[in-house]
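K.L.:
Given next are the chains, with one letter for each unit.
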Amino acid sequence: MTTLRLSLGRRVQPPLKLTVAVSVVAWLVAWFVEAPLSDWLTFSFFGLERGSHFGEAIGFFLLDVPKVLLLLVGIITVVTLIRGFFPPEKVRAALAGRGLMTGTVAAASFGIVTPFCSCSAVPLFIGFVEAGIPLGVTFAFLISSPMVNEVALVLLWGLFGPAIALVYMAAGLTVAIVGGLVIGKLRMERYVEAYVWALQGKGGATIEIHLTWEDRIHDAWAYTKDLVRRILPYLMIGIGIGALIHGYAPTDLVAAIGGRSNPFAVPIVVLIAIPLYSNAAGTIPIVQALLGKGLPMGTTLAFMMAITAISLPEFIILRRVIKWPLIAVFATVVTIGVLFVGYLFNFLIV
Amino acid sequence: MKKIEVLGSGCANCVRLAANAKEAAAMAGVEVEIVKVTDYGEIMAYGIMSTPGLVVDGKVVSYGRVPSASDIVPWISE
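Residue numbers (the working numbering), protein chains in the order written: chain A, 313 to 662; chain B, 4 to 81.
You may find that some hints are simply not true.
Listed below are the simulated DSSO-like cross-link pairs for lysine-lysine, each with C-alpha atoms no more than 27 Å apart in a straight line [what the hints assert, rightly or not]:
| no. | chain 1 | residue 1 | chain 2 | residue 2 |
| --- | --- | --- | --- | --- |
| 1 | B | Lys-62 | B | Lys-39 |
| 2 | B | Lys-25 | B | Lys-5 |
| 3 | A | Lys-402 | A | Lys-537 |
| 4 | B | Lys-62 | A | Lys-402 |
| 5 | A | Lys-605 | A | Lys-379 |
| 6 | A | Lys-537 | A | Lys-605 |
| 7 | B | Lys-25 | B | Lys-39 |
| 8 | A | Lys-402 | B | Lys-39 |
| 9 | A | Lys-537 | B | Lys-5 |
Quick caveat, the hints were computed from the structure, so don't treat them as lab data.
From just these sequences and the hints, can you work out the full model?
P.N.:
Okay, here's the thing in structure tokens:
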């Protein structure tokens with residue numbers, strides 16, 4: 313195995329350690345100052361009335377925008393840094409040759425830390441199949457990787473608290489594991505395009521590349537900047553709508569449409585979520601406001617999961633490697649899983 | 004003349020990587036031929052799954068990230 317040394321020449325001024333230390337301190341100060349500052353701005357500086365529709369809406373907006381931005385920038389940088397140590401190439405090596413059960417559980421768990429975008433679904437799929445990883449295990453990964461993603465987790469943690477973020481993660485893992493096992497049991501190998509099988513065993517040995525901390529921090533920061541810039545418009549719109557709901561929507565209305573008394577609330581929110589793919593960042597603030605207005609927890613979770621896991625672009629892209637019947641099974645299994653999570657938590661949390 | 008291959012399905016990162024490679028060649032004063040490899044079978048044959056990948060004279064030097072032009076210079080000057 314070839315080993316390459318990647319860091320050469322580039323030394324950033326000022327020293328890296330100083331930059332990191334200053335950034336961390338600045339982040340912490342901003343985090344603690346943010347809430348009282350936005351409160352003061354809304355109710356003292358602008359002199360808006362506490363409890364009024366307009367005041368509450370503006371307060372929600374001014375509180376959430378900097379809070380969500382801080383969360384995204386801080387935690388995504390850290391998460392990206394960590395997952396730099398788990399590239400798909402390593403995951404594949406760790407999964408190859410495992411038993412079905414161990415492999416499925418491991419694949420779903422790796423899905424938490426591995427980066428995923430629908431553009432990488434195809435090389436990932438081919439790479440897994442090519443290394444002889446069973447179809448069910450591959451799908452456990454394909455379900456978990458986008459569903460239990462860092463943006464959703466970070467926002468859930470920051471806006472709803474750790475308990476709900478962890479519940480979301482556990483539910484997502486369960487859907488991925490069960491989904492993977494079901495797809496594995498259905499023996500759908502013949503719906504994989506023939507050329508994918510032809511590649512089996514033809515892949516080159518993975519080359520390990522060593523990155524320095526400097527490279528890693530540099531990469532993580534570049535990725536975070538890019539991601540935040542991309543989702544910022546959706547985020548602002550989402551928080552804006554969330555603010556309107558928070559200030560103006562009557563609680564009775566939300567409870568009547570999305571509440572426990574409506575047995576179709578879960579499938580309805582799942583349907584609404586399908587076209588919202590990749591807008592998790594913009595949707596979570598809306599969901600936060602809805603939850604505050606009495607939307608049940610299970611319905612909320614189902615909505616969140618459907619946004620991240622049921623992605624039409626990903627299904628279409630996967631057509632390059634698998635045939636429609638398998639895509640349909642994939643979509644069905646994920647949808648049933650999401651619905652199940654919704655009803656289960658509505659039933660459990662009263 | 005060095006042969007540089009950019010592995011990837013044509014996503015934004017691959018385009019950026021190709022641009023950086025071109026810039027690096029100009030910086031290093033090395034004559035290069037930049038080829039884009041978009042076929043998944045060929046990409047897999049290099050043992051990588053995370054794109055974009057960078058190959059210099061048949062050797063993988065980077066994958067799953069977009070190295071800057073100054074990162075690339077030493078790889079093509081060797």
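K.L.:
Decide, hint by hint, whether the structure agrees.
P.N.:
Evaluation of the provided hints:
no., hint, in the structure
1, B:Lys-62 to B:Lys-39, "15 Å, holds"
2, B:Lys-25 to B:Lys-5, "12 Å, holds"
3, A:Lys-402 to A:Lys-537, "25 Å, holds"
4, B:Lys-62 to A:Lys-402, "19 Å, holds"
5, A:Lys-605 to A:Lys-379, "20 Å, holds"
6, A:Lys-537 to A:Lys-605, "33 Å, violated"
7, B:Lys-25 to B:Lys-39, "12 Å, holds"
8, A:Lys-402 to B:Lys-39, "25 Å, holds"
9, A:Lys-537 to B:Lys-5, "33 Å, violated"
In this structure, the hints that do not hold are numbers 6, 9, in rising order.
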